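S.K.: In this text, residue positions in the sequence shown follow my numbering: the first is 335, and each later residue adds one.
Some hints here could point you the wrong way.
[To be verified] If you anchor each label on the Cβ, the simulated ranges turn out as follows:
hint : residue 1 : residue 2 : range
1    : GLY1051   : LYS1132   : 45 to 55 Å
2    : ASP1150   : ASP1204   : 45 to 55 Å
3    : LYS1134   : GLY468    : 35 to 45 Å
4    : ASN481    : MET988    : 40 to 50 Å
It is worth saying that the hints were derived from the structure and are not from the lab.
Just so we're clear, the structure is a prediction, and the values are computed from it rather than from any experiment.
Each residue gets a CB set at the ideal place from its N, CA and C atoms; glycine is no exception.
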Amino acid sequence: MLTKVNSGVANGPRLSKALSGVIGEAINRRTFFKRTGLTAAGIAAASTVSLVRTKKAQAAVSADAGDVKKVTSVCTHCSVGCGVIAEVKNGVWVGQEADFDSPINLGGHCAKGASVREHAIGERRVKYPMKLEGGKWKRMSWEDAINEVGDRLGKIRESLGPDSVYWLGSAKHNNEQAYLFRKFAAFWGTNNVDHQARICHSTTVAGVANTWGYGAMTNSFNDIHNSKAMFLIGSNPAEAHPVAVQHILKAKEKNNAPLIVCDPRFTRTAAHADEYVRFRSGSDVALIWGIIWHIFKNKWEDTKFIQQRVYGIEDIRTEVAKWTPEETERVTGVPGKQLERVARLMAKNRPGTVVWCMGGTQHTNGNNNTRAYCILQLVLGNMGVSGGGTNIFRGHDNVQGATDMCVLSHSLPGYYGLKTGSWKHWSRVWGVDYDYMLSRFKTKKLMESKGIPVSRWIDGVLIPKDKIDQPENVKGMVFWGHAPNSQTRLPEMKKAMEQLDTMVIIDPYPTVSAVLSDRTDGVYLLPAATQFETYGSVTASNRSLQWRDKIVEPLFESKPDHEIMYLFAKKFGFDAEMFKQIKVNGTEPFIEDITREFNGGMWTIGYTGQSPERIRKHMKYRHTFDKTTLKANGGPCDGETFGLPWPCWGTPEMGHPGTHILYDPSKPVAEGGLNFRARFGVEHEGNNLLAEGSYPVNSEIKDGYPEFTMAMLKKLGWDKDLTAEERAAIEKVAGDKTNWKTDLSGGIQRVAIKHGCSPFGNAKARAKVWTFPDPVPLHREPLYAPDRSLVKDYPTYKDKQAYRLPTMYESIQKNDFSKEFPIILTSGRLVEYEGGGEETRSNPWLAELQQDMFAEINPFDANNANIRADDMIWVHSPEGGKVKVKALITERVGRGVVFMPFHFGGVFQGKDLRSKYPEHADPYVIGESSNTCGTYGYDSVTQMQETKVTLCRIERA
């Protein structure tokens, strides 16, 4: 929704006034495009993306500009991984262009990418350390800030224990900083550490990893070029991942591939669809089962693939048989004839890919949704093939990497978990005694128990401590690169913030954390540098690593995140142990040493072969990589896959090329081939779990097999291939019990691959996950259900204790809120803004494009409520929250549905909070946060928050 334009100037004085303080004049659209350097093709990109490769722009530089240098970086917004070329003169970032050599964005940018320079040089940044004192922001020195914050947090740790301080990390950190942050929390002595992945794709990671082994995108954006059909559900890449759309449209053009978009809302992506399926929010499992019902009925399933590579399909058949076209339509609202067309399109156009995003994950039933999507691909045999797979589009630029580094409350880096063996492994990697690490925690039980997830930190503060599985409540909160308005239950969050002893915000821009509460003291705001003012690796959604070079030195008084971590570690007295193997230059840790340290420990997912030198070489020669296969065609990287996507097995010296397509047995493992992981044992209830007659090319074992251990190497007689050094390292760990995940030498992996085998074994994917609350994915109605008749047939779970906290399901769903709140409320993204929006709403070029927070309302509902276009309205939540927003009347949403974007903040329940920001650090655009109306609800496995379906009531303001 763009504000109407009269005489070339946007309605309303807000943005013009805000901008005038920076550029000295009001701004119109012509000036906007001129100053951002957008061409005519770029104007289209400002609303979505230029999907056609335009002519490369020639930078206009003066005759004396001989000292202009170009620096390669990666966009810091979504996780597509678009290349950015910065032009720097005399240490100043003076211009930018899209990277035409990048095989990922091919010279394209969305509106955010086109204006990313402003993110680094923006005047609205936090410029120096501050604290809130008497309701006013007071400037501090870094030394005083570290000492004062350190003293306050140290006092909490000493008096209440390490679990009473919550360390909330970020998907905006690079890999090295994310890894260091998780390590920092371990040395602090807590698992109360998490980041944004908990509230965006934790249900993906859990569901996908428990189906076939790894919880990540299986193919890539580029591999979609080979798709013969594309099935998108809960995904709107035209706005959330705009540059990815060029890869989707290429498949449409090249292969005549049908695009199927399933979404409760007619999105910009749906406008490109050959088949748009509007279904009821929260009924994903029913929709997928309704499609598979037609596949089974017509015998369109891939029987050979299922027999060789899938376990538990008969249980799926039993459940799917219940989802007749009539029942599916009753639950989802989609006619059976349409789902039959969808099933036929997928069955007759193989290989097809399935794409999803947060529309599918952010549900109390999220893990069931993601597993159902996976099962659709297993039934069709679309896994482990080019053009197939599950292409899961992730959010922030390094949310994949930060997740892999396990800035998570339930695992150590590389998804090793929290068991004793996991801690001993990482103690060996870190070069410290296990007993020292144990001493950092209150108890061994707490050391090995899942911490509170970020989705529930509020309850860690507010719930009585006798109901929490840790000694004391959370009293100190560190928001390190996190936007709190991206979380639900903001009225309760405000209360929680006000009950904390200490609140620390570390960010380039002040987030809503700085203004939401009514606190007058005990809040600290520390300026972090942007990713353009530091360097390191970043992992895109397709598992490829790229290296960012530093563009400029940190501006104002900001510091890189890893330097701030070191300063706190030094203050708390564990710097010598934590940085034992990492060189520190003054107070800044050496990034390359951090990369090499995680290379030495993350054997599980293959973050071991991507040395800094190899990643940098890929960036230097990125023009040599094929734009579809991502394979280098000649040159110094010949045969390698761009970005060495994990798993990149073994040591860097082993030279593994990276794995473009997961679980693809058509290639040798040494060349990126794989099979499904043997993660779940060798049998279940007497049934074989290992693959039958399916194995990668050149495998010397022509069948399924378990994961590799030293004992297995000896049994096969392959241990003779180990070097003396490798054998000694294996003996040092656990002798014959040492496995491919804990062998620090990489010898077991190297030998297994030498013989053509996958180190993690060769098993079947499991359609039935017997370790989950619902072994077979079930449809369950949302907690705030719109149709009470369906609650009886498809109830939620019993209340339970999870992640240290009591978690409600049945006790909420038993109440009927549908009469007073008859409209479904859902949320999503805009192309102009990202995440909580503080960075992008502080960008004048993006702020010009979208100035108002709004709610989309169907004309039927608007007319019934006497609401006209552009009216200010109240949206009321069943839990008492309310927001005052502008009405956008549109048929993009169906009857009985309201949509709001979640990027806004700075207004709370009608109250303008602009005056609470530090001077000149308020965003140009503020607005109500949709999550003020976001209600309680968490996934049964991961505690993912429910944002995509609750209830509301609307009325004119």
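S.K.: State, for the Cβ atoms of LYS1134 and GLY468, whether the hinted interval 35 to 45 Å holds or is violated.
M.R.: 44 Å Cβ-Cβ, so the 35 to 45 Å window holds.
S.K.: So the hint says 40 to 50 Å: do the beta-carbon atoms of ASN481 and MET988 match that?
M.R.: holds (46 Å)
S.K.: Cβ-Cβ distance between ASP1150 and ASP1204: within 45 to 55 Å?
M.R.: violated (34 Å)
S.K.: Determine whether the Cβ-Cβ distance between GLY1051 and LYS1132 falls within the hinted range of 45 to 55 Å.
M.R.: holds (52 Å)
The structure is inconsistent with hint 2 alone, although it conforms to all the rest.
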